Amino acid sequence: MSDRLTHILLIDDDPIFRLGLRTALAEFPHLQVVAEADTGATALQILGRRQNQEAVDLVVLELQLAELSLCQQLKT
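Residue numbers (this note's numbering): 17 to 92.
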């Protein structure tokens, strides 16, 4: 098994939900929440700033925020 961390970006407009999810994910030592966003636009800005850092491996996205353009941009 690899010791590599899985880097996670949380996207949800509810800060209480993000806190709860971040707390739950902290129970797994191989998972690390590296960024959070409350909108799709903020998430894209965060991803743009992280270009010189380790990649985000997993995006947890609130489906109601999943505008088609955001989903398309996250694919790239």
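Watch out, some of these pointers could steer you wrong.
Said to hold, decoys possible - Using C-beta positions, here's what the derived DEER-type ranges look like: (1) ARG66 - ASP19: 18 to 26 Å; (2) GLN80 - LEU47: 31 to 39 Å; (3) ASP19 - LEU79: 16 to 24 Å; (4) LEU47 - GLU78: 26 to 34 Å; (5) ASP19 - GLN61: 28 to 36 Å; (6) ASP19 - ALA57: 15 to 23 Å; (7) THR22 - ASN68: 26 to 34 Å; (8) GLN67 - LEU21: 26 to 34 Å; (9) ASN68 - GLY36: 14 to 22 Å.
No lab work stands behind these hints, which were simulated from the structure alone. Quantities reported herein were computed from a predicted structural model and do not represent experimental measurements. We put the CB at the ideal spot given by N, CA and C, even for glycine.
A quick look at each hint next to the structure:
{"no.": "1", "hint": "ARG66 - ASP19: 18 to 26 Å", "result": "holds, 21 Å"}
{"no.": "2", "hint": "GLN80 - LEU47: 31 to 39 Å", "result": "violated, 24 Å"}
{"no.": "3", "hint": "ASP19 - LEU79: 16 to 24 Å", "result": "violated, 32 Å"}
{"no.": "4", "hint": "LEU47 - GLU78: 26 to 34 Å", "result": "violated, 18 Å"}
{"no.": "5", "hint": "ASP19 - GLN61: 28 to 36 Å", "result": "holds, 30 Å"}
{"no.": "6", "hint": "ASP19 - ALA57: 15 to 23 Å", "result": "violated, 34 Å"}
{"no.": "7", "hint": "THR22 - ASN68: 26 to 34 Å", "result": "violated, 19 Å"}
{"no.": "8", "hint": "GLN67 - LEU21: 26 to 34 Å", "result": "violated, 18 Å"}
{"no.": "9", "hint": "ASN68 - GLY36: 14 to 22 Å", "result": "violated, 30 Å"}
The structure fails hints 2, 3, 4, 6, 7, 8, 9 (numbered hints given earlier, in ascending order).
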